[in-house]
Amino acid sequence: MPEENPLVEMEREIVGGDFQRAGDVSSELKNILQQAGFPAPFNRRVVIASYEAEMNVVIHAYRGIFRVQIYSDRVHIEVDDEGPGIPDLELAFQEGYSTAPPHIREMGFGAGYGLSNMKKCSDRLHIDTRVEEGTRVIMDFFLPSFMKG
Amino acid sequence: MGIKIREFVEPLQAEILVRGGMESEEVEGGYCGDLLSDCIAHAEENSVWVTVQSHPNVVAVATLVGIRCIIVTNSQEVQEQTLEKAREQKITLLRTSLSSFETVAILSRLGVPGKKRRVVR
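Chains as they are written, first to last, in my numbering: chain A, 1 to 149; chain B, 1 to 121.
Please note that the accuracy of each hint is not assured.
[Claimed, not checked] Using 35 Å as the maximum straight-line C-alpha spacing, the simulated DSBU-like pairs for lysine-lysine come out as follows:
1) A/K120 to B/K4
2) A/K120 to B/K90
3) B/K90 to A/K119
4) B/K90 to B/K4
[What the hints assert, rightly or not] Non-contacting residues of chain B with respect to chain A, defined by C-beta distances greater than 10 Å in every case (computed):
5) E15
6) E25
7) E26
8) Y31
9) C32
10) D34
11) V61
12) R87
13) V104
14) S108
No wet-lab data here; the hints were simulated from the structure.
Glycine included, C-beta positions come from ideal geometry on N, C-alpha and C.
Generate the whole structure from the sequences, applying the supplied hints.
Next up, the structure:
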């Protein structure tokens with residue numbers, strides 16, 4: 001079966017360390033989802049996971065590309081960064097575990113809930129990471145059939 | 001049933017840093033905390049957020065959640081970029097010398113309820 005074409009595609013750059021604009025990509029995505037008419041609880045899930053993925057790039061990486069494809073019944077997000085990678089993925093998924101430095105934590109970031117929020121909010125989460133190269137996060141969100149149409 | 005944002009100002013002896021929609025808008029609940037990941041996962045739409053955080057990303061999180069009003073406590077200094085972002089997003093920004101605990105106690109007396117449901121389990 002041929003792949004259905006996405007209704008909307010978006011690709012944005014994320015700059016590591018740019019806390020000023022951090023969250024803007026997820027905010028833009030939220031507006032698109034609302035305009036596309038998806039139900040609020042679904043949008044909320046996508047936006048939480050998207051924000052965490054975006055913040056991970058801002059907090060930990062040098063730069064990243066955020067790509068999203070919105071279909072009639074699902075949302076696909078890929079975030080690719082150049083950065084330090086994640087040495088121990090299992091540890092990184094533990095709530096409260098974080099490698100963020102103290103000045104980042106003081107701002108209320110880096111509390112160690114990013115990956116677990118992403119896991120809880122997405123229907124499928126895949127992470128490829130190479131130490132000292134970068135990390136790719138792939139997330140899928142499926143609209144439950146009772147919410148469609 | 002909501003509580004009008006402008007009713008918070010006097011009991012909290014709050015400074016109005018950004019008015020946003022405070023003249024007409026109401027909140028239906030509140031969230032208190034300083035960890036952004038916890039706020040985005042647990043705060044609700046149309047609520048008031050009580051926090052000591054005052055950097056611009058607080059407004060980004062509030063926008064994503066749909067928070068109407070941010071109350072910065074303990075007289076924390078607020079960056080100009082935070083004010084700009086709040087003006088852009090039409091989010092009310094108040095500041096009080098009270099602690100977060102005292103602020104929540106007063107909001108509770110004014111009738112702002114806790115949350116109704118959990119967004120993330």
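May I ask which of the numbered hints given earlier this structure violates, with the numbers listed in increasing order?
10 and 11
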